[in-house]
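Chain A is already provided as a structure; the job is to place chains B and C on it using the hints.
First to last, the sequence lines map onto chains A, B and C. Quick note: the first sequence, position 16, residue 462 per my numbering, numbers continuous. Quick note: the second sequence, position 51, residue 1477 per my numbering, numbers continuous. Quick note: the third sequence, position 236, residue 233 per my numbering, numbers continuous.
To be clear, the hints were calculated from the coordinates, so they are not data collected in a lab. Do not rely on the hints blindly, as some may be mistaken.
Straight-line C-alpha distance at most 16 Å; calculated EDC-like pairs for lysine to aspartate or glutamate [to be verified]:
| id | chain 1 | residue 1 | chain 2 | residue 2 |
| --- | --- | --- | --- | --- |
| 1 | B | K1450 | B | D1705 |
| 2 | B | K1690 | A | E692 |
| 3 | A | K756 | A | E486 |
| 4 | A | K688 | A | D762 |
| 5 | A | K688 | B | E1691 |
| 6 | B | K1514 | B | E1500 |
| 7 | B | K1554 | B | D1543 |
| 8 | B | K1430 | B | E1500 |
| 9 | C | K180 | C | D123 |
| 10 | A | K537 | A | D524 |
| 11 | B | K1625 | A | E719 |
| 12 | B | K1690 | A | E708 |
If the Cβ cut is set under 10 Å, some of the chain C residues that face chain A in the computed set are [unchecked claim]:
| id | residue |
| --- | --- |
| 13 | S182 |
| 14 | L186 |
| 15 | T187 |
| 16 | M191 |
| 17 | G192 |
| 18 | R197 |
| 19 | H202 |
| 20 | P205 |
| 21 | N206 |
From the three backbone atoms N, C-alpha and C, an ideal C-beta is built for every residue, glycine too.
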Amino acid sequence: MSLLQLRDVRVRFRTLSSARAVLEGVADPFVDAVNRVSLEIRQGETFGLIGESGSGKTTLARSIIGLLQPQEGSVRYDGDELIGLSPRAWKKVRRNIGVMFQDPVGSLSPRMSVFSLLSEPFRIHNQVNLDLRSEVSRMLEMVGLSDDFAHRYPHQLSGGQARRVGVARALALKPKLIVADEPTAGLDVSVQGEILNLLNKLQKEFGLTILIITHNLNIVRHVTDRMGIMYFGRMVEQGPTKAIFENPAHPYTLALLSANPEPNPDARIDRIELQGEVPSLLNRPTGCEFHPRCPFSQEDCSTLAPSRQKFSADHDYSCHFPRNIPNL
Amino acid sequence: MNSKNILEIEDLNVEFSTPKGPLKALRNFNLTMSRGAIVGVVGESGCGKSTLINAIIGLLAPNASVTRGRMIFEGADLLRQSKQDLQKIRGQRISMVSQDPMTALNPILSIGDQMVDIQYRSDVSKSKKRDRSIEMLRMVGIPDPSMRFNDYPHQFSGGMRQRIAIAMALQVEPTLLIADEPTTALDATLEVQIIQRLKELQQNIGCSILFISHHLGVIAELCNYVVVMYGGEIVETGSVRDVFHRASHPYTQKLLECDPARIKEVTNTLPTIPGEVPDLVRLPTGCIFADRCQHTVQQCRDSEPELRYITPEHSARCPYSSHLVNR
Amino acid sequence: MKRATIKQERLRIWEGWLSVFRTIQRVVREPLGAMGLVLVVAVLISAIGADLWSTHDPNKINVRAAFASPSLEHFLGTDQLGRDIFSRVLVGGQIALKVSLVSIGAALIIGLTLGLIAGFGPKWLDNILMLLFDSVRSFPTVMFALAVVTLFGPSLTTVMVVVVVTQIPIYGRMVRSQTLALKTSEFILTERAMGAGFFRIISLHILPNVIGPLLILASMDIPFVITIEAGLSFLGMGVRPPTPSWGTILNDGYSYIYNTPWPVIAGGLPVVLTTLGFTFLGESLRDAFDPKLRKDS
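So that you can see chain A by itself, here it is in the shape it has in the complex (with noise of 0.2 Å):
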């Protein structure tokens, strides 16, 4: 059962103002974050969405929850379309979507102690009939922290504390969906398994639909169900994480499995070294977005822009000469 679907979403920013594109001559003046994304989160299920700087994974992270406005395409939550809804039916929404941004310090309110961070949620959405020192404990006792927590500030976290108040505030009002930008930033590999572990349980408490944003394929693998791959505003491999790690279609995602130097010295490492940076989204290569980096492209990749291809029911792709396919 689908819990949210995006089809085709464009997050399109305006790089010269309509006076200044007529006079310069420029069809245009926009550039394209994202560019005609289409995916599906399944209820129950852990989503990853991997993609490197540029690649417009934030842009559309922050497009479902409501922080941008996509210019089309169309983003169903929960059955209900997202995109041109008005700011009061937004906050009906968002009471049921969790949020989790980069830094675990950082996104919380500086000058407000542990206590008010917990009960904003509840504050923000006029839920003050409740005993909120009572949800507040029951809230650090989920995430395993003690109630003295409740007295202390953000810059007297650790970083592991902080994610998880995090990860308590984004469960207050008991959301279907939580959206996890980079949960794993900022903290050492020790902890990084605690908060992993801790979602993965609420997950399962909670029937629990989360979607990770990361460029970390690492823990990808481990934590995920299904994942996309992003590369410059485009889509560019989804499906079953089992099934891309074993057999990935797309060169992109070739490049980033190879790009984990495993721990160990004695490995063998078959890399696929990417020349070259992710273009500038004013320079928009031909065909193929991806093709002047792509250690196997061909003639038609700089002309033909590849469309969405099926590798399995569940299992897509956007490539002409996809390297699980042989001779193609």
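Below, chains B and C alone, put in the same frame as chain A:
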């Protein structure tokens, strides 16, 4: 002092004075680096890596004091140098690359100007300096370096800026390059490119590298030796093979266990190290890791463990690890 | 259920006072902060209780006792008209504080509000407000004061209006730039993503984080305003004689400095002490407000 060694740190102890008391950030630190060696320093928050680096380049905070120890760099004790002599060493014999390239790059000067500028100690002609800089930029993988020579830092992406910072650091052909988490802020595909460039450059120039990172994979790929730090002290030292394949300190073992890249089986319950980093003001008696170690016995809390040598080159600060060694 | 909320409210109020107390503690811990607090409190007490502490009627002329040196009768001596300087200084303090606190207070509140709205609100509103601020700022202060005086006649109110209008853009701009910086921070994004509205974010999340530097600026402006008031009073655009302000005491005393130095000292010293006091207090308040600088945590 062995002339093969460029850096010998003996029993370095650094304390910070805080309102709550002295914070013992670095204790009993010993390290020997030979010419051309690439030594990795692995550790998590609070392990003392930053204190170590600041002590080496002489930029410790005003409330820090070195209570004991020596740091012999190319024959001279860095701790006993005058300010002027230290300045000569810094930037010439020892150079540094940090996590944020903008700490090295001046936003209002073109990169060309900056790269020529740092060669001020050399008295070749300006055009020769320019040529050297362009060659350096080419070696770190900046496309069209002669064309981009006059561009400003903000015109480059993060990955490019980091390469330029590395180019600047290596331009002076230092004896020692300190790289402090240089790739942490970069995407994986960029990281591998930069590590590759670093490897090539190191072979060309022959400098030693002190590479600080919490990314175990990169350390395994780049370094020959590794030092594992926890709570301000060294818990294990050895060649990369020894430490990764035959980890002898429970913390090292746990650290390797926790790295999701090493976990073959896909699992929903990732391993962690329970507990918190110790309070460095009120140090526990005994082993610094005792509170979080699974194998703690009474003796661990009574007295500080001695350094045990598994081989002459591989040591760990834990006496009980013989039956805990990984297969 | 109701009982729980009342208890919670009492707890919140108690926590509020506790944090004020803790802030004061932090201020007093630093030597400069303690000194500043002492000076400011002294100035406040003397000004508020000016009528109580005065030994004579500040306007009572007694030419025979002119230019007297300090004595038990006249603590700070008398001026050229035999008026008791001590009493005049106290009343002068009252005026100085009234002018500065009221006008800076008003400018602060209005500037803060406008700055928050400009920084966090829609771009068109920001553009209009910035245009307004810049226009006001580009007017030379003295000319503006002259214009106001011509319209409304010289008085205390005139001085205050001038101060308020010229200070609003300064505070407004400062708050606006801080608000703009905070607008993109992650905790604000999180609050927006949680559904917090415009007013909630401004008052609960932005305001507490911008008010610190603003208070410093404002507290350092207090002596500045006192000086302005003295200057305007001298130009005849402010307080008219015989009302004593520190400025007029200074100016009177300046003319007769060869007869007695006391009026000059009496007029100048309070200004110096008040300036030091508010400056020290302001700086240590800022340090006390910044949770990251707190050494007790």
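Status of the hints after comparison with the structure:
no. : hint                : verdict
1   : K1450/B <-> D1705/B : holds, 9 Å
2   : K1690/B <-> E692/A  : holds, 13 Å
3   : K756/A <-> E486/A   : holds, 15 Å
4   : K688/A <-> D762/A   : holds, 14 Å
5   : K688/A <-> E1691/B  : holds, 11 Å
6   : K1514/B <-> E1500/B : holds, 13 Å
7   : K1554/B <-> D1543/B : holds, 12 Å
8   : K1430/B <-> E1500/B : holds, 9 Å
9   : K180/C <-> D123/C   : holds, 14 Å
10  : K537/A <-> D524/A   : holds, 15 Å
11  : K1625/B <-> E719/A  : holds, 15 Å
12  : K1690/B <-> E708/A  : holds, 11 Å
13  : S182                : holds, 7 Å
14  : L186                : holds, 6 Å
15  : T187                : holds, 5 Å
16  : M191                : holds, 6 Å
17  : G192                : holds, 4 Å
18  : R197                : holds, 7 Å
19  : H202                : holds, 5 Å
20  : P205                : holds, 5 Å
21  : N206                : holds, 6 Å
The structure shown violates none of the earlier numbered hints.
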